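Protein chains: 2
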Amino acid sequence: MASFSSYIFLIILFIISVGASKIKSIYLPGTYQSSLLVKKHDEKIKIPFKTHYFPQILDHFTFLPKSSKVFYQKYLINDQYWHKEGGGPIFVYTGNEGNIDWFAVNTGFMIDIAPKFNALLVFIEHRFYGDSMPFGNNSYKSAKTLGYLNSQQALADYAVLIRSLKQNLSSDSSPVVVFGGSYGGMLAAWFRLKYPHIAIGAVASSAPILQFDKITPWSSFYDAVSQDFKDASLNCYKVIKGSWAELDALSTHDDGLIEVSKLFRTCKALHSGYSARDWLWEAFVYTAMVNYPTEANFMMPLPAYPVEEMCKIIDGLPKGASKLSKAFAAASLYYNYTQTEKCFNLEGGTDSHGLHGWDWQACTEMVMPMTCSNESMFPPFSFSYEEFTQDCKKQFGVKPRPHWITTEFGGNRIEQVLKRFGSNMIFSNGMQDPWSRGGVLKNISSSIVALITHKGAHHVDFRSETKNDPDWLIMQRKQEVAIIEKWLEEYYKDLKQD
Amino acid sequence: MASFSSYIFLIILFIISVGASKIKSIYLPGTYQSSLLVKKHDEKIKIPFKTHYFPQILDHFTFLPKSSKVFYQKYLINDQYWHKEGGGPIFVYTGNEGNIDWFAVNTGFMIDIAPKFNALLVFIEHRFYGDSMPFGNNSYKSAKTLGYLNSQQALADYAVLIRSLKQNLSSDSSPVVVFGGSYGGMLAAWFRLKYPHIAIGAVASSAPILQFDKITPWSSFYDAVSQDFKDASLNCYKVIKGSWAELDALSTHDDGLIEVSKLFRTCKALHSGYSARDWLWEAFVYTAMVNYPTEANFMMPLPAYPVEEMCKIIDGLPKGASKLSKAFAAASLYYNYTQTEKCFNLEGGTDSHGLHGWDWQACTEMVMPMTCSNESMFPPFSFSYEEFTQDCKKQFGVKPRPHWITTEFGGNRIEQVLKRFGSNMIFSNGMQDPWSRGGVLKNISSSIVALITHKGAHHVDFRSETKNDPDWLIMQRKQEVAIIEKWLEEYYKDLKQD
Numbered sequence: 014m015a016s017f018s019s020y021i022f023l024i025i026l027f028i029i030s031v032g033a034s035k036i037k038s039i040y041l042p043g044t045y046q047s048s049l050l051v052k053k054h055d056e057k058i059k060i061p062f063k064t065h066y067f068p069q070i071l072d073h074f075t076f077l078p079k080s081s082k083v084f085y086q087k088y089l090i091n092d093q094y095w096h097k098e099g100g101g102p103i104f105v106y107t108g109n110e111g112n113i114d115w116f117a118v119n120t121g122f123m124i125d126i127a128p129k130f131n132a133l134l135v136f137i138e139h140r141f142y143g144d145s146m147p148f149g150n151n152s153y154k155s156a157k158t159l160g161y162l163n164s165q166q167a168l169a170d171y172a173v174l175i176r177s178l179k180q181n182l183s184s185d186s187s188p189v190v191v192f193g194g195s196y197g198g199m200l201a202a203w204f205r206l207k208y209p210h211i212a213i214g215a216v217a218s219s220a221p222i223l224q225f226d227k228i229t230p231w232s233s234f235y236d237a238v239s240q241d242f243k244d245a246s247l248n249c250y251k252v253i254k255g256s257w258a259e260l261d262a263l264s265t266h267d268d269g270l271i272e273v274s275k276l277f278r279t280c281k282a283l284h285s286g287y288s289a290r291d292w293l294w295e296a297f298v299y300t301a302m303v304n305y306p307t308e309a310n311f312m313m314p315l316p317a318y319p320v321e322e323m324c325k326i327i328d329g330l331p332k333g334a335s336k337l338s339k340a341f342a343a344a345s346l347y348y349n350y351t352q353t354e355k356c357f358n359l360e361g362g363t364d365s366h367g368l369h370g371w372d373w374q375a376c377t378e379m380v381m382p383m384t385c386s387n388e389s390m391f392p393p394f395s396f397s398y399e400e401f402t403q404d405c406k407k408q409f410g411v412k413p414r415p416h417w418i419t420t421e422f423g424g425n426r427i428e429q430v431l432k433r434f435g436s437n438m439i440f441s442n443g444m445q446d447p448w449s450r451g452g453v454l455k456n457i458s459s460s461i462v463a464l465i466t467h468k469g470a471h472h473v474d475f476r477s478e479t480k481n482d483p484d485w486l487i488m489q490r491k492q493e494v495a496i497i498e499k500w501l502e503e504y505y506k507d508l509k510q511d
Numbered sequence: 014m015a016s017f018s019s020y021i022f023l024i025i026l027f028i029i030s031v032g033a034s035k036i037k038s039i040y041l042p043g044t045y046q047s048s049l050l051v052k053k054h055d056e057k058i059k060i061p062f063k064t065h066y067f068p069q070i071l072d073h074f075t076f077l078p079k080s081s082k083v084f085y086q087k088y089l090i091n092d093q094y095w096h097k098e099g100g101g102p103i104f105v106y107t108g109n110e111g112n113i114d115w116f117a118v119n120t121g122f123m124i125d126i127a128p129k130f131n132a133l134l135v136f137i138e139h140r141f142y143g144d145s146m147p148f149g150n151n152s153y154k155s156a157k158t159l160g161y162l163n164s165q166q167a168l169a170d171y172a173v174l175i176r177s178l179k180q181n182l183s184s185d186s187s188p189v190v191v192f193g194g195s196y197g198g199m200l201a202a203w204f205r206l207k208y209p210h211i212a213i214g215a216v217a218s219s220a221p222i223l224q225f226d227k228i229t230p231w232s233s234f235y236d237a238v239s240q241d242f243k244d245a246s247l248n249c250y251k252v253i254k255g256s257w258a259e260l261d262a263l264s265t266h267d268d269g270l271i272e273v274s275k276l277f278r279t280c281k282a283l284h285s286g287y288s289a290r291d292w293l294w295e296a297f298v299y300t301a302m303v304n305y306p307t308e309a310n311f312m313m314p315l316p317a318y319p320v321e322e323m324c325k326i327i328d329g330l331p332k333g334a335s336k337l338s339k340a341f342a343a344a345s346l347y348y349n350y351t352q353t354e355k356c357f358n359l360e361g362g363t364d365s366h367g368l369h370g371w372d373w374q375a376c377t378e379m380v381m382p383m384t385c386s387n388e389s390m391f392p393p394f395s396f397s398y399e400e401f402t403q404d405c406k407k408q409f410g411v412k413p414r415p416h417w418i419t420t421e422f423g424g425n426r427i428e429q430v431l432k433r434f435g436s437n438m439i440f441s442n443g444m445q446d447p448w449s450r451g452g453v454l455k456n457i458s459s460s461i462v463a464l465i466t467h468k469g470a471h472h473v474d475f476r477s478e479t480k481n482d483p484d485w486l487i488m489q490r491k492q493e494v495a496i497i498e499k500w501l502e503e504y505y506k507d508l509k510q511d
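In order, the protein sequences belong to chains A and B.
Just so you know, we're using the working numbering here: the first sequence kicks off at 14 and counts up by one.
Just so you know, we're using the working numbering here: the second sequence kicks off at 14 and counts up by one.
Treat the hints as calculated values from the structure; they're not laboratory data.
None of these values were measured; they are calculated from a predicted model.
Some hints here could point you the wrong way.
A pair holds if it fits inside one copy or across any two, identical chains being indistinguishable in the list.
With a straight-line cut-off of 16 Å between C-alpha atoms, the simulated EDC-like cross-links for lysine to aspartate or glutamate are [claimed, not checked]:
(1) K432 <-> D511
(2) K254 <-> D328
(3) K281 <-> E360
(4) K468 <-> D482
(5) K455 <-> D511
(6) K480 <-> D125
(7) K227 <-> D185
(8) K243 <-> D92
(9) K251 <-> D236
(10) K243 <-> E321
(11) K432 <-> D507
For reference, chain A alone in the conformation it holds in the complex (with noise of 0.2 Å):
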């Protein structure tokens, strides 16, 4: 059961973090960065920004002799748009646990809306991320550097950053309004909570804010991945739930492990029939996640709505085949949608620090107990809180603080602590992805809004608009300007009376 945990462990970790493995031959830190926006730059996706770095303080809560050492934070700068005399608006994304690079490229909304607004476009990086590195290459070696990684230090980052840089630029005037996707959305709903006094406004994308201790169901997130595949098609839901005893089965098979790789088309020989899991369970989740109504490549080149593409294929073999040949055939497309591998590699890859990050601060602060329900289309399993922790100090050396995000920014009856209290934020939810179960589906108030679209997935509306957009996904999109303004309008209004 130990062994299990930790394996779910691994498989609740956000998109961003497994993301970054799974394309970590283009997504390594360092020389290869380049090579990310060199790629995109070839798709003509323009991120026309500047690269700063700030010398950030490593600890804001404690004044010990090295809590005023100096890193230094990368963050990008685009000012093509922005009226800076007439006070425009500062638009700061709050990077989540990867290289920023990456996430200015795939939140292309903000390019797309800055112009209408004449705003300072700001990406910040999250320390230990991709190159806000505090120590350096030992910035990963042991609890005594990692410790320092965390979300209140990073909210602070970027209340010191945005203050230092609104001075620099002359710009008091100027409001800011913070955006941000799944754990970065956690981070901008959170910025506004925490720092009003710095961000006008918050625009919350994806972001599980209630996907801590008992707020939202343990199951929701297994149960919202297989309603998914069962809205697709009963038939796909069935044949990837039966799948698993099927792999099973064949895995403790004399000889099975072969069978599994030949059936994988694996590089190289299984070690172990998990690897096989690990693979299908993390493309089918991730597709959910990505659900997109149009072609995409956030994670993998991937065509629009891929969860029914999948379920497509799986309709389509042979009722003779094994729901295990069928669930690997489905898996493929998310692997495989440009047909360019030849074998794939279940097992071997190394961590990047992208997921070693996320795996820290999920052993730490990040702790989202999850569970598979018998009605999901994965195997049950529990979660314990107990065993959660062995992992953890095996792992790193440190005990979890299972309640702390609840402690120190809420969500425990959040609609009643936020309708009296706090205003300007947008938690918009796309109910494809899975995620969207912890995050705020409901109005609080006239200014903490919800927005919902039931076909949207994980931060669509943060994507670069595209030809092919449905009408629901503009109309979010327009909804969130129109929420923006109103929130300017109001602003400039104060301003005047000052």
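Given chain A, work out where chain B should sit, using these hints.
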């Protein structure tokens, strides 16, 4: 100038810390604590609290191996009025820079109103004060231990403790209201801003949350002290204003210190004229702060409206007497109202932990620049961040972060920020109190309100009611009670709709 700025630095400490050093004969940590209580008990002030200790985490904002070290944080509980079953509220005092018993003694208001509200009373001691020493006797040893002493860690302590307490008492539905005076009031206000999910409202009395950066004019504190004396008597103000030059002239004179020692009736011959200046200065500043409408013993036993009494002494002395002798006579009221002192100890007082602790906080985060204008009754002086930084580096080996408090908690344009964000805060101030100038003095919104009294002094509203309380004080407290009632009504109404 450097030595003068160090001096100024001492003078701007909050009343509590200096109070602690002044009353050190009964205010020492450890064995002497109970004598304070006994003394007060003799005076028929009831403080029926039970003492508890909470295993608190050393560092909430990092996950270093040593962050999870536990120390024992003291807190006091009174449950005699609590209607737990009816979801009676929990009134929490967010302890400031001193022994929590002392705040319990001097916050009779909470005890007075507890029966009306059926409230549980909790007084939580601030880390690094009183008994709540994270490193025992070594807590003040150096920046390596003191580094964990700051307001954000203190607020997180309160959040963790309150959450745990409610869980242990099975009182999840009981709303929490936080109270605090002076620095404790700043903490109460900030707690509501940062932890609205834990406290439904905050009563912040005499909380100078705007005494940072350039939000409040740097000269306002000493101008306010001077105004108090000018309002009592213009002659009095002029005499004090003129006394400093006389002291300087006398001190630098041959055998001048002997004359000063004689004039000031010191127990031992003075080593420096600065001691006499400090002694006078403190008397005037703290008497202005505690210019209460009734006889009281917060810092020192004093008559009602002690500033007026001081000025009566000055104005009553013969015209021919020196200004310095008049200033001494006035200051003697502060140090010897009970007429029990035969001589005065102006030098050689050892710092209590309380003083030292605030000294550290003032040298790191609580940087409140202050100057004396030409219009004040004190000798003019300026403030320099550079000198301040040098002094602090010399004293503690760490550099102040003078703009951190406003980055973390805001303050600039507070009316515009909080009229659009936040709710349920009372900022009460008495305009006799020089700290009032750094407080919130205007209503910000319908539920973030300023309660101002012209004749009030440093958190006078938090003192126990007395028979001699003037109408304006009775009225101020009634307003506070009515507002708290409204918060609670709203909360219980929301709770029913859950």
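task: Measure nothing new, just compare the shortest in-copy and cross-copy C-alpha distances for K251 and D236 to 16 Å and report within, between, both or neither.
output: For K251 and D236, only the intra-copy Cα distance (14 Å) is at most 16 Å; the inter-copy one is 79 Å.
- request: Give the relationship of K243 and E321 under a CA distance limit of 16 Å: within one copy only, between copies only, both, or neither.
  value: Within one copy only: 10 Å inside, 82 Å across.
query: Is it within, between, both, or neither for K432 and D507, if the alpha carbons may be no more than 16 Å apart?
result: Result: close only across copies, 10 Å inter versus 22 Å intra.
message: If the cut is 16 Å between Cα atoms, do K281 and E360 qualify within a copy, between copies, both or neither?
response: within (8 Å within a copy, 82 Å between copies)
query: When no copy is named, should K243 and D92 be tagged within, between, both, or neither for a Cα gap of at most 16 Å?
result: neither (46 Å within a copy, 54 Å between copies)
task: Give the relationship of K480 and D125 under a CA distance limit of 16 Å: within one copy only, between copies only, both, or neither.
output: Intra 13 Å, inter 68 Å, cutoff 16 Å: intra-copy only.
message: Please sort K254 with D328 into within, between, both or neither, judging by C-alpha distance up to 16 Å.
response: within (14 Å within a copy, 94 Å between copies)
query: Which holds for K468 with D482 at a C-alpha limit of 16 Å: within a copy, between copies, both or neither?
result: Answer is within; shortest intra-copy Cα gap is 12 Å, inter-copy 66 Å.
task: At 16 Å max between alpha carbons, let me know whether K455 reaches D511 within a copy, between copies, both or neither.
output: This pair counts as between: shortest inter-copy Cα distance 14 Å, intra-copy 34 Å.
query: Between K432 and D511, at a C-alpha cutoff of 16 Å, which is it: within one copy, between copies, both, or neither?
result: For K432 and D511, only the inter-copy Cα distance (13 Å) is at most 16 Å; the intra-copy one is 27 Å.
message: As a check of your reading, is K227 near D185 (CA-CA no more than 16 Å) within one copy, between copies, both or neither?
response: So K227 and D185 pass the 16 Å test across copies only (14 Å; inside, 41 Å).
Consistency note: the structure conflicts with earlier hint 8 alone.
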